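Trainee: Here's the letter readout for the chains.
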Amino acid sequence: GNSVTQMEGPVTLSEEAFLTINCTYTATGYPSLFWYVQYPGEGLQLLLKATKADDKGSNKGFEATYRKETTSFHLEKGSVQVSDSAVYFCALIEQGGSEKLVFGKGTKLTVNP
Amino acid sequence: SAVISQKPSRDICQRGTSLTIQCQVDSQVTMMFWYRQQPGQSLTLIATANQGSEATYESGFVIDKFPISRPNLTFSTLTVSNMSPEDSSIYLCSVALPDQPQHFGDGTRLSIL
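Here the protein sequences come in this chain order: A and B.
Numbering-wise, our numbering puts 107 at position 107 of the first sequence, and it's gapless, one number per residue.
If you want our numbering, it's the position in the second sequence, counting the first as 1, plus 1000.
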């Protein structure tokens, strides 16, 4: 079945550090890939998405590239801020499927001033 | 996009009681989803609720424990029945709009004593 494997957390960085959160997936066909973010005490918000190979999703300085050859969708940001502290979830929807999201376990990021 | 309102935002309940969570959307949607997020964990899909049909439950979730209603295209409820401490979680609803990623409500934080 479909699955998403995320880098184990928690991750603690200093402000302005470079961020990478690894995400790999297992799926049939060509799934759509997503990063969602959950700020403390809130629901999930879509951060970025990519729907086909080599697509790059970007938002708020975050980027992720859909790599079919390595089945990966790693999240990166060049310079994190304290306000980026949150839990980040990688997720997929299988191609032509039921719109059901499959989530990774989440990675908690803490950015210190 | 869609604006999703969940009620209540949080509750503390006694063991053995039931709680109904409401999810209201500001536009008509065909597919609505209910997720559970146990403490420190990722999101797990409970069921898919389409208007005019019975909800479709995922493995490990049953209608007697989590009855769902979907009376129209803008509203759904999830009931957590005969609650035990293991049901303490965040419960989230989401909606799927055409050609858009799922949008989530802010969740209902439920604690069982």
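I should point out that these hints are in silico values taken from the structure, not numbers from a laboratory.
Keep in mind it's a predicted model, so treat the numbers as computed, not measured.
Accuracy of the hints is not assured; some may be wrong.
Sample of chain A residues lacking proximity to chain B, with all beta carbon distances greater than 10 Å (derived) [unchecked claim]:
1. L19
2. A27
3. T28
4. G29
5. Q45
6. K49
7. D55
8. E63
9. S72
10. V82
11. S83
12. F103
13. G106
Computed, partial: chain A to chain B, Cβ under 7 Å [claimed, not checked]:
14. Y39
15. G43
16. L44
17. L46
18. D84
19. E94
20. K100
21. L101
22. K105
We put the beta carbon where it would ideally sit given N, CA and C, even for glycine.
Trainee: Taking each numbered hint in turn, which are not upheld by the structure, reported in ascending numerical order?
Mentor: Violated hints: 5, 6, 12, 13, 14, 18, 19; rest satisfied.
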